[in-house]
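Colleague: Chains A and B, in that order, give the protein sequences. Going by full-length UniProt numbering, the first sequence opens with residue 1, and the numbers climb by one from there. Going by full-length UniProt numbering, the second sequence opens with residue 1, and the numbers climb by one from there.
Misleading hints may appear alongside valid ones.
Listed below are the simulated EDC-like cross-link pairs for lysine to aspartate or glutamate, each with C-alpha atoms no more than 16 Å apart in a straight line [what the hints assert, rightly or not]: (1) 413/B x 578/A; (2) 420/A x 578/A; (3) 419/B x 434/A.
Worth flagging that the hints you see were computed from the coordinates, not collected in a lab. Keep in mind that this is a model prediction, so the values were computed, not measured.
Below are the chains, spelled out letter by letter.
Protein chains: 2
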Amino acid sequence: MKKKIAFISDHASPLATLGGIDSGGQNVYVAEVARYLGSIDQQIDIFTRREDTTTPEIVEFSPNVRVIQVPAGPAAVLPKEELYMYMQEFADHMLHFIDEERIDYDLIHAHFWLSGMVAMEIKKELDVPFVITFHALGIVRRLHQGAEDKFPLQREQIEQDIMWHADKIIAECPNDVKDLMQYYHAPQEKLEIIPCGYNPDDFYPIDRKTALAHIGLTDDCDYILQLGRIVPRKGIDNVIKALAELHESFPRLRLIIVGGSLDDLNQDTELARLQQQAVQAGLESKIIFTGQKSRDELKYYYSAADIFVTTPWYEPFGITPLESMACGTPVIGSDVGGISFTVRHGETGLLVPPHAPEQLSAAIKMLQTDIAKRKKMGEYALNYVQKTFTWGHVSKQIDTLYNQVIPVHRHHKILNQLKKNFHEASQTFIRSADLLPTQITKVAQEMCNTFVNGHKIMVCGNGGSAAESQHFVAELVGRFEIPERPGYPVLSLNADNAVLTAWANDFGYEYVFQRQVQALGQAGDMLICLSTSGNSPNILHALQQGVDQGITTVNILGKSGGRAAPLADYNIIIPSQDTARIQEVHLHIIHQLCWLVETQLEGVNKHTSTTKVNKLTA
Amino acid sequence: MKKKIAFISDHASPLATLGGIDSGGQNVYVAEVARYLGSIDQQIDIFTRREDTTTPEIVEFSPNVRVIQVPAGPAAVLPKEELYMYMQEFADHMLHFIDEERIDYDLIHAHFWLSGMVAMEIKKELDVPFVITFHALGIVRRLHQGAEDKFPLQREQIEQDIMWHADKIIAECPNDVKDLMQYYHAPQEKLEIIPCGYNPDDFYPIDRKTALAHIGLTDDCDYILQLGRIVPRKGIDNVIKALAELHESFPRLRLIIVGGSLDDLNQDTELARLQQQAVQAGLESKIIFTGQKSRDELKYYYSAADIFVTTPWYEPFGITPLESMACGTPVIGSDVGGISFTVRHGETGLLVPPHAPEQLSAAIKMLQTDIAKRKKMGEYALNYVQKTFTWGHVSKQIDTLYNQVIPVHRHHKILNQLKKNFHEASQTFIRSADLLPTQITKVAQEMCNTFVNGHKIMVCGNGGSAAESQHFVAELVGRFEIPERPGYPVLSLNADNAVLTAWANDFGYEYVFQRQVQALGQAGDMLICLSTSGNSPNILHALQQGVDQGITTVNILGKSGGRAAPLADYNIIIPSQDTARIQEVHLHIIHQLCWLVETQLEGVNKHTSTTKVNKLTA
C-alpha cells in the first residue's frame, strides 16, 4: 500500500544538528523512520517549526521525504517548554499548506504532545487518522523532575485528550505501556509497543586499539564510558560516586564522560558541577571530560570503551544503550523506562537501580573481574540489537501499524458518512413536518374532490421521480392500507414505454407527457408532477397543457421549486437542496396523501373500522 | 351536521331536583341545552356522578339524550367541594364506557372545573375536543367568599390548565370575559359569550290575581319577591334592610322570600338568621317566608310579584332575573356579574350596587311610585327575554359553537397526524443509522466486486418495491451524482410488462422473477430483492433460483425479514413494522448504495475530483 504520511515534529527537526540541549533522540527517530519509509516508496512530509529564515521552507531530506518548515512563532531556536502558545498557528499553517498543495494524507504521525495537539486539529478538520509517539510523558516527567518541569500545566490534560483522539499510540517499551495506562488510563486497544532504533551504518564495532587511537587514548587503561546529554536526571554523579569506590581496587579504571560544552562552563553549569565533584572525590586524573562530540565520532568512543554505563533517574526509551550494544560494548544501565527493555540483564549487560552507586560499583566490579563474560556480553549485545533494533526493523513495524490504521479509519469514515446521511434524511423529514402538513391536506382534499366528482388523476415524473410516480399509482389503484375499498382512477404517464418511445422518438422527449395530458385529460381531472428540480421540459409542457385544459395541477418539488412552481395550483416543495433527500421525502408525502385520501373516502374512524391492515406482500 | 356530544356535569345532574344547596343553575342549564340539542337530532350523553344506587346507570332523559351515571366515590349526595378526589375515577370510568360502547364523540362539553379535569383527560387519551362552561370561577369565588371557600387549593391552577387545553371557553356574560382574561389570562380567541337561558314553557306571565290566589295571597298588598337559594352571598339581608326603610312610607308593601327549608331551621341556619333579622327589624308581619317551592310553582310567585329583587354580592350569571322577566315582572338587581348583562337598567328593571340597602330602597320606591313605568318595564322585559334568552336561542348558539370547534379540531388532528408520521419516519431513519451502516458497506462492496469482475446485477420487487427497484436501476444505469462515469450493468426484473404478463398468465405470477433469473442470470451475478415483508412467493422463487445458479443474493427487507432472509447472502432489514416507513428507508438505502458504489468505483476523493454534481432534472 503506497501511502502519503505527514509527520509532525514540532521542535525536533531532522535537519537540526544533534547534541544541543533540545535535540536528541526525537530528531534521530523522525529522521531515521522517515528516511526508511521513503526508501520503501512511501511519501513522507515532515512538518516542523521553522527555527531560522536561512533554510528554505521546503527541504528535500531524502528520497520521497520532504521537511516542511512551518512558520509558527519566532524564527529562532526556542526551548520546547515555550512552544505551546504557537501550536494553533502551526496547525493553521499546516492546514493551509495541505489545502494549497491539495494533498490527501492517508495518516499523520505526531511526535511529542505539542505535535499531538496539531494532529488532533487536523483530524478534526480533515478527518485524517493519526498515530502518536509521545517520546516523553508529562506526568512521568513531573514525577521525576517536580518543580523543575517548565511545561505548561495543561500538558497532562492535553496528553489525555490526544490519547482519546489518536487512532494508535506507539509505546516505546513495556514501562511506557504501564505509564500510559496507569497515569493516563490510555485505551489499551490503541497501544502498540514499537521501540526506538539505531542505524547500523552509524554504529558498528571498531577494533578497540584503532578506536582508542582515533580518540587519542592509550590502551593501558580500562575504560568506562558515559555518553549523552549532561543534565541532572542522567545520574552522571552516580557514576562518579561508583568510580570513587572502585578506583583504588582497579587503578587502571578510567571514566570517559562525553557530552556538554567544555568551552562555556559558565553556561553549562551541570558539567561544571560534575567536574567539581570529580575534583572533590580526588578523581580528576581518572575522569576524562571530552565535551560534546559529533555523531560520527561516537562509534569510536563506544568501541573503545569496555563498559558503557547509563544510570538515569528515568529514561522514556534511551538510544545510547542500543548504540553501545551496536558497537559490541555491554551496558550497565538503570532498571528504568526503556533501559529495562533494551538491556537484557546478564546477557547484554547488567541492570542496576538508579541513585545506587554501591550497586553500580558492584556491577562494574563484576564485569572488570570476569573479562570473558564481559566479552561474551558484548558479542551477544551486538547480535541482539542487529536483529531487533535497527531503524529498518522499527520502521517496518511502524509501517505495519499504519497499514492497520488506515483501512480501519477509512471504514469508520464511510460508516460515519452513512450515519450522517441517515441523520440528514431524518432532519429533512423534521423540517418537512414543520412546513408541509397544511399544503398536504389541501392536495389530499383536492384529490378526494376529484374522485368524488368522477374525475381521474394523472401522475408523471422522470428517472427516480418516474419510479415514485408508479409507486404512487400502485398505492391508489391498488391500496395503501385498506384493501376492501375500490381502486381509484389514477394513472402514471411515464409507465407506458411504447407511448413514451413513440412520441419521444418522433417528436421529442420534451412532449411525451404533454401529448398524454392532451389525449387522456378532461376538465376536472388532476395532474400531479413529481420533480426534484421543477425544471424538466416535459414536466413544464405537461403542466401548461393541463392548465389549458382546465385540469387541476399539483407539483411535488424540491430546491427552489424551479420553473414548474408558477404553473401549478398547488405546490409541495421539500425544504432540501439534495436530490436524494428530496426524493425520499417525496415518497413519504406520497404515503401521507394515500393515507389521507383513503381514510377520508372510506370514512375510517377508530371504532367503526379496522385495525390497520398491513400489506402481506410488497 | 349530526353530532355525538358528551356532556360532563360532575355534580349537577339533570335528574336532580332543583333547590337543594348544591343544585341550581347548572342542573337546569345542562338539562335544557341537552334537551334542545336532542330535539334537533344531536345525540347527547350526559355524564354525571352517580349519587344513589336506586336509579339505573343509564337513564333516557329525553329524545336523543341519555344520562350516564358514573360510579366515582360514594353513591351519595356529596358537597361539590369534596368531589375533587374522585375525578380521576370519574375519567377512568368514562373512558371505559366510551371504549365499551365504541362511541366516537365529536366533542365534549364540560360543565364546572371538576368536569373540565375529566375533559382534559379524555382529550389527552382520545383527542376529542372540548368546550367548557365554568359556571363559576375559583378566583372570583375566593375574592368574594374568602376563607368560606372550601374548594381545594389546586382549583385555580387547574382552571387555568383547563383554559389552555380547552378548544373554546363559554363565557356567560361580558363580566365573565373580564374575569377570565384578568384573573386567568385566558386566551382571548377561545372566549365566546353565550348566556344562560330560561324555558318559556316553564315561565310565562299569569294573571296577577290568579297567581296571587294560587299562592294564597290577597291582592290588597304590593309584593316584592326574593327567590333563590338561601345563602349569605345572595344578599337577602340587604333586601330586608331596604324594606325596613320603606315599610312606613309604603305600608302595603310586603316581601315574599321563597327558598330554604322551613321544616328544619336547625339545619338551615341562614334562613333562621334572616327570620331573626326580620323580627329584630319589626318586619315579621311584612315578610312572608314560604320555604322552598317546586319548580312548576315558581311562575306563580314571579307573576304575583310587582317587583323581583336580587342583590347578591356577586353572581356568575343568575337565572332568576330571566325567569322573572319571562313572567313579565321587572327586576331590581345588583350591578354584578351576569345581572349587569341580563337586566337592562331603566328598560327591564334597575341596577343597584350590592351591599347598599339605601340605593335598593330608593329603586323600589321609584317603581312603587311610578306604576306606569313599572308596568312598561315588565312588558319590555318579557319581550326582551323571549327574543334573547330562551334555551332555544342559547342552545342554537352553543350548537353553532360546536360546529366551529369540530372541523377546526379535526383539521388540527389531521395536521398533527401528518407531523407524527413525518417524525415517525424520521425516527426510523435514526434507528436505521444505528443498525444498518456496516451491512450497507458490505453490500456496496459486493456490488463493486460484481461490476469489477464483469458481472451484472438484477433487481426485483412487487408494487411499491417494484417502483423502487426501477428507481435503483435508474440511478445505476444512469447516474447518482457523477454523470461522467459509464453506466453499470443493472436491470430490473419487474420492468418489462410483456415478459411479466406472458409468464404470469401462462404459468403463474409466482414464477415471473424466477424465470428471468434463470434466463438472464450467470454465476457471479448478483440478485437484489426488495420486499417489506420478505414473504412474496415470486421473490422466494427468484432467490432460490439465484442460489442454485451461483448468484450472490441480497435482500432489502423490513419487519422480521420473513422467509426471504434465510435464502440470501446479505440481508438489510429496516427496523420497522410499517410498510410505508420501510419503503421510505429502502429508498434511502438505495441512495446510500449508489453513493458508495459510485464513489468507490470512480475513485472519488475530496481533492482530485468533483464538487458534487446535482441532477439538473429528475
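Colleague: Tell me if the straight-line CA distance from residue 420/A to residue 578/A falls inside 16 Å.
Modeller: 14 Å, holds
Colleague: Please work out if residue 419/B and residue 434/A have their alpha carbons no farther apart than 16 Å.
Modeller: Since the Cα atoms of residue 419/B and residue 434/A sit roughly 7 Å apart, the hinted pair holds (cutoff 16 Å).
Colleague: Decide if the proposed pair is consistent with the structure: residue 413/B and residue 578/A, CA atoms, cutoff 16 Å inclusive.
Modeller: Answer violated: residue 413/B to residue 578/A is near 31 Å, above 16 Å.
In the structure shown, a violation is registered for the earlier hint numbered 1 alone.
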